[in-house]
Amino acid sequence: MSSYLELTARQRIPAIFDSGSFEEFLPPSSRVASPHLAQLDAPVSFDDGVVVGRGLLGGQVVFGAAQEGGFMGGAVGEVHGAKLVGMLRRAVDEGAQAVLLLLESGGVRLHEANAGLIAVSEVMRAMLDAREAGIPVIAVIGGSNGCFGGMGISARCANTVIMSEEGRLAMSGPEVIETANGVEEFDSRDRALVWRTTGGKHRYLLGDCQVLVPDDTAAFRAAALQAIADVAAGGAQLTLEDLLAEQGMLARRLADTEGLAEPMDVWKGLGIPDPAGVPMLEAEAFMALAARHRLDYRPAPQAAAQPATPTGEQ
Amino acid sequence: MDWQTLATQLFPGGHDITERDNFLSGSAQVDAQAVDVIGTTGHVPIGIEIALAQAQAILKTVQTNPGRPILILVDTQGQRLRHRDEMLGINSYMAHLGKCVDLARRKGHTVIGLVYDQALSGGFITSGLIASACFALPQATIRVMGLPAMARITKVPEERLSELARDNPVFAPGPENYLRMGGLHGIWEHDLAGELARALRECGAEDERMALGHARGGRMLAHPVAQAVRTGSDVRPA
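Order-wise, the sequence lines are chains A and B.
Residue numbers for the first sequence follow UniProt numbering, so the first one is 1 and each next one is one higher.
Residue numbers for the second sequence follow UniProt numbering, so the first one is 1 and each next one is one higher.
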């Protein structure tokens, strides 16, 4: 096992893509940094917090990006967003076999708020343009900063969201909600509640993420390969049928959870017999349980291909 | 401006827009052409229910009125900041709305956004900002956050931010700044009906906001950076 959680963006790329295959576009040596941070005397980064480029994944040409949570929480500014958009457009120009987004972001970078907001909407449109061109777009969420704000929305514009249990996916962070509506609305220091509300297991049970993997780079890589194959087989394009099905799923979710305020009650409503035990379940036991209870309008993807295991122990 | 006054000015040919729990929907006539209208009012926070209601209305237009233009009327204080919305995946509801707008555009519906009162961050990004083109009234408020909150978070004194905001549209709220950055295609001062008819005629399907922001001098790096990445060249000085 090699943890994905604590890696930097620049460590994740070679851990996921085929060894030595990734070529970065506009690398730090180009020294393109945010012009707005400098004006505020804030530190800048010569990649503006995101690596974009093209590599191989299982021999396929896959375009990719990795957001660096260690620089301003992976937040999206003008340059950061433009790099993502440029990469997505180039993926279309060059007929990429897939786009893989290693997301870790607090959303819009508030130091350049207006430009960041427009940029995130441009990223969303560019992701959907890539899908329209038939290119599977896969989002991976497993970094310690999670995926929030506008990037939490963008993630759900991908064909597939792959998460680890430690990954978090939502919109407004717990601190923002606590600041706006009080500690009784959302206690941001209640780590267990934050995890139950935004963490990978909850998102998987609700159908907001389609694949849940252990916090292991090899598991993320295998899941990405499988997701690309599944999406390529079924078609990457957004269709009316998909959106009608998603409309139905989201409407049922509202109806089925009416009056509920606690994620464990939502899990109970899914028929899970011992909701309080869910956080403690090991990956394998959780997946077996989730298979019987999770919501997803799409046909279940095939189980991630397991390499033929040597049979020494059997 | 309240939505009834707005609708009267936008649609002298008549409309049947109704309001239910701050959600607007209906249809109207523009130059003898039918237009479907959805939107929000009362600065309502966009929670999961109203995001889903807007998505449903757009899907209904796609199914029953192929090709009919859609006008999204924007007035929101942003995404709803509640634990239940987060628990149920408000980002998925917002993304669903954005994807429905995107699908409509790809199926030939021109989608126009109009900020007639307030537009803030999360409530705006999957409505006006994902339309084919977005416009605002001059008195509209558009922002991610106000300067005092921005000063707290960035630890830059508010006076310094105000000073920077005079020349750099990135820091300050307001439709003029969004116009300069390409986030808005235009500001409608007079003759709203005429402006809408013109927007429907002239609206393209491509996302050209980076180039607009560059040409208008409000967002000088986005376009050259995206182009440099796309073409494998260096960023040329603006």
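Warning: the hint list may mix true and false statements.
Said to hold, decoys possible - Sample of chain B residues at the chain A side, in silico, Cβ under 10 Å: (1) G89; (2) R106; (3) L137.
Claimed, not checked - Derived lysine to any residue pairs resembling SDA-like cross-links, with alpha carbons at most 25 Å apart: (4) K107/B with P14/A; (5) K107/B with D31/B; (6) K60/B with D265/A.
Rather than coming from a laboratory, the hints here were simulated on the basis of the structure.
Note that beta-carbon positions come from the ideal geometry of N, C-alpha and C, so glycine has one too.
Hint check results:
Interface hint at G89/B: satisfied, since its Cβ lies 5 Å from the closest Cβ of chain A, which is below the 10 Å cut-off. The beta carbon of R106/B comes within 6 Å of a beta carbon in chain A, closer than 10 Å, and the hint placing it at the interface holds. Annotation: interface hint on L137/B violated; nearest CB of chain A at approximately 18 Å, more than 10 Å. A distance of roughly 39 Å separates the Cα atoms of K107/B and P14/A; the hinted pair therefore is violated under the 25 Å criterion.
For the proposed pair K107/B and D31/B, the alpha carbon gap of about 22 Å is at most 25 Å, so the pair holds. For the given pair, K60/B sits about 33 Å from D265/A by alpha-carbon distance, which is inconsistent with the 25 Å threshold.
Comparing the model with each numbered hint stated earlier shows that hints 3, 4 and 6 do not hold.
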